[in-house]
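**Q** Based on the hints, put chain B in the right spot on chain A.
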Amino acid sequence: MKIRHRERDDKIELAMTPMIDIVFLLNVFFLFTFKIVLPEGDFNVQMPSAAAARAAEPSEILPLRLVLKAAPTGELADLHLAGRSFGNGRDAFAQLQAYIRTQVVAEGGAAADEQEVEIDADYNLNYDYVVRAITAVTGYIEDGRPHKLIERIKFTPPKSSEPGAMSRE
Amino acid sequence: MRITRSKVATSAEMDMTPMIDVTFQLIAFFLFVLNFSEVDVDQRINLPASELARPPDAPYAQPLTVQMTADDTILFAGDELDEIGLQSALMREAQIIRAYPNKKLSDTTVVVRADRGAKTGKVQEIIQMCQQAGFDMFALRGKQSDASTLIEP
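Chain order of the listed sequences is A and B. Here this note's numbering is used: the first residue of the first sequence is 1, the next is one more, and so on. Here this note's numbering is used: the first residue of the second sequence is 1001, the next is one more, and so on.
For the record, the hints were derived by calculation from the structure and aren't laboratory data. Heads up, the beta-carbon is just placed ideally off N, CA and C, and yes, glycines get one too. Each hint can be trusted.
Now the stretches of chain A that chain B is said to cover, found in silico as 3 or more residues with beta-carbon under 8 Å:
1) 18-24
2) 32-43
3) 136-146
In isolation and in its complexed conformation, chain A is listed as follows:
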């Protein structure tokens, strides 16, 4: 048997070029597909269909009716809760929240679990106002901690899309 003694190189040369090519390609791919996704959150609303809701046990407390009237452009024209108007100013929703807070505190906070708010919005109202109304009704953040107000929310059935046929109470 012949043992062949190979002369050993003490320095190993790695071919780096293909690896760096691929690594850079990967990098460029990720850079181009990178998209900053803003954090999103949800409002949970449980709304069985009208027929099922009627079959359910009717609540003893009447729902508060929050009416959002729209201007023809989709802007808010008037906001009122149970007959009390908050106008359409910049702080209409802040006023609404302050009012609900005093109501919830007056009732000791216990009845707020049972209380329900029914949102009655015009057909062409911008959806943004509905989310702001829900924000005003469901709670507030104070000192970095969320506080709950009225969490049970339902919508009235959608009105007709024709402006002339808008249902009025």
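**A** Below, chain B without anything else, positioned relative to chain A:
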């Protein structure tokens, strides 16, 4: 004046290690932040902002996303639909869920992603169609905001 002549190396060897370290770090970073759930997040939609919009504590058992753009186009399962199309698609979805023995309609949450400029009536019609199909859990999606959104800027 003295001129120092630097010794010229015959082979220029670059130290690649730091560069490769940094590039691998970059790749690892992009891999972690890569979002694969972009099918349900259409970039055309500008969600209404709310400081109370918080991500759910646990992911929904069966989410179903319906989206609506500012010009009232409905996006559902990657398709652009009108009201009638959405209605039949929802009915089909409900039938599929009913057909599975381990799935329930009541466990399904319909995530409504509507643009802030969409018409409320249109959004309500979507919700009503979902109700007719048998869904009753809804999540109205908004984008998180650090400041209060109650007072208009």
